[in-house]
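Enquirer: Quick mapping for you: the protein sequence lines, in order, are chains A and B.
Each residue of the first sequence is one higher than the last, beginning at 176 in the working numbering.
Each residue of the second sequence is one higher than the last, beginning at 52 in the working numbering.
Since the hints were made in silico from the structure, they are not lab data.
We treat Cβ as the ideally placed atom computed from N, Cα and C, and that holds for glycine.
Taking CB as the label site, the calculated pair distances span:
id, chain 1, residue 1, chain 2, residue 2, range
1, A, T278, B, A71, 17 to 27 Å
2, B, A71, A, G451, 28 to 38 Å
3, B, A69, A, V396, 23 to 33 Å
4, B, T93, A, V245, 38 to 48 Å
5, A, L345, B, P214, 27 to 37 Å
6, B, G103, A, G451, 49 to 59 Å
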Amino acid sequence: MSGTARIRQARAAEFVARMVLGAMAASVVAVALFVLGYIVFHGIGAIDWTFLTQIPKDRGREGGIFPVIVGTVYTTLGTAALTLPIGILAGVYLSEYAPRNYTTRAIRLAITNMAGVPSIVYGLFGLAAFVLAAGFGRSILAAALTLTCMTLPVVITATEEALRQVPQDLRQASLALGATRLRTIYRVVLPAAAPGIITGSILGLARAAGETAPILFTGAVFQMRRTPDGPLSQFMALPYHIYAQVTSVPGWNPTLVWGTALVLVAGISAASIAAGIWRSAQRRKVTW
Amino acid sequence: MRGLIYACGWLAIIILGAIAAFLIHNSVRAIQEAGIGTMLSTTAWYPTSSPGKFGLLPLIVGSLYVTGVALLVSVPVGVGAAVFISEFSGRRVKDVMKTIIEFMAAVPSVVYGLIGVAVLIPLVKDIFALDSGMTALTGGVVLGIMSIPTVITISEDALHAVPADLRRGSAALGNTRWQTTYKVTLPAAGSGIFAASMLGLGRAIGETMAVLMLTGNAAVMPASVLESVRTMTGTIAAEMGEVVQGGLHYSVLFAVGLVLFIITFAINLAADLVLERQRKRWRR
Chain A
176 MSGTARIRQA RAAEFVARMV LGAMAASVVA VALFVLGYIV FHGIGAIDWT
226 FLTQIPKDRG REGGIFPVIV GTVYTTLGTA ALTLPIGILA GVYLSEYAPR
276 NYTTRAIRLA ITNMAGVPSI VYGLFGLAAF VLAAGFGRSI LAAALTLTCM
326 TLPVVITATE EALRQVPQDL RQASLALGAT RLRTIYRVVL PAAAPGIITG
376 SILGLARAAG ETAPILFTGA VFQMRRTPDG PLSQFMALPY HIYAQVTSVP
426 GWNPTLVWGT ALVLVAGISA ASIAAGIWRS AQRRKVTW
Chain B
52 MRGLIYACGW LAIIILGAIA AFLIHNSVRA IQEAGIGTML STTAWYPTSS
102 PGKFGLLPLI VGSLYVTGVA LLVSVPVGVG AAVFISEFSG RRVKDVMKTI
152 IEFMAAVPSV VYGLIGVAVL IPLVKDIFAL DSGMTALTGG VVLGIMSIPT
202 VITISEDALH AVPADLRRGS AALGNTRWQT TYKVTLPAAG SGIFAASMLG
252 LGRAIGETMA VLMLTGNAAV MPASVLESVR TMTGTIAAEM GEVVQGGLHY
302 SVLFAVGLVL FIITFAINLA ADLVLERQRK RWRR
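All chains should be modelled from the sequences, with the hints used to inform the complete structure.
Expert: Now the structure itself:
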């Protein structure tokens, strides 16, 4: 084969490869836009003041989703209150204290494995450990604890990565001024790493808000007469509300179910976008 | 305070141990009365007949069918898209793709299930002229789409970890971008991409809500992907609400959970070891 033919062939291969790979990337974009568009298109018709402030009527075929929103907000806040302190401290341990040895490697392995445990298995664990063994019953507390176990790896990883990006100079400067190691961490290192920690945590919590499987047996109910009145109360939740209607309400009202999905997706996206914007604003403010 | 930090650091191991302990503890009755061998080798799943029959094979095969379809969707598309993002696109395209992938990963599984119910079930029913569109194929395609973000993210990390020198060296020898990619970069990132596929597999096998809404949940041995299947995850979710706490059926569902836990644990451990080896290889 002559040289020019070889070059021509290589150029053709380059062109085909670009087209095929580009088509794959484009198809991912298309699917994402389709998902977004479909939810918005079908759900937007349901969104009005009544829908957001009324209780569900006729097993969700009529009325609104107010207690459902409240249930998801309570559970997510509960999860945040439990996950953030524990996860941040664990991240601090890994970044600032952990020695480089096999036990640390084992902890890291445990964290990546926790992230891979199926959500339904967390549901089983929550049922056995928090609902029954700890005696919390089916409640916001039991569900929040279950979701905490699921979200912890995300918060720990985000914290550790954010802490690692804080330059060593800052720590040494603080120590040189006579601050203790602990004081250095909470006055210098943690504030510097806060944007990364908070953004990562919000992404993890947003995922927790959308989970159904872990709350199936730990406290979510399809119908209740009042909004939850304490951590030991059962609760309604947006993802469970969608699932329960589609699978067990004959003649479910598509408009209201898509409306519920839109509220859920919009809430999660809004939290993620806000976190992203806040992080880039902070990044511009802090320079090393 | 220092003690607290150490305790939190160790918590991951404690929680993982506690999950294993609770699953095993609650599975004991199933293992004793229904028998591991019987559960893993028989095909009759009639948990409510008396005596109940607890053959897990239809559920395991159901999970494998759905996961197999999911991999056929997620691996080619995910790896292809990752190669495009990492090797052929500029910074702006990269940023846009990153946002889109984050959105796809953030959409809850129940919403993917809902879209599957509205779009894919009627589509599969019409295309293959079936009585019902609730099949392993339907669930698998949606699961595949759901695992694409995982596959893209990990594959892209693996490609990114390949040192730029290798690419420059290849370019200096006169290779085109694509020649560099398939002769140099892809082989160098191969094990990482393999790990990405494994993690996508782990995500697909553990997914619950979408399959529960899409596969029809018939607990019989499927003959093809165009039949209704019931997965391990779907079985736990569908039946746990109706069982007697502490009963044999309850215990068998925990045993199913234990099987799932062991499978995903093995997959994650293997993927992690592969990724760690790759990381060491390119570290200077």
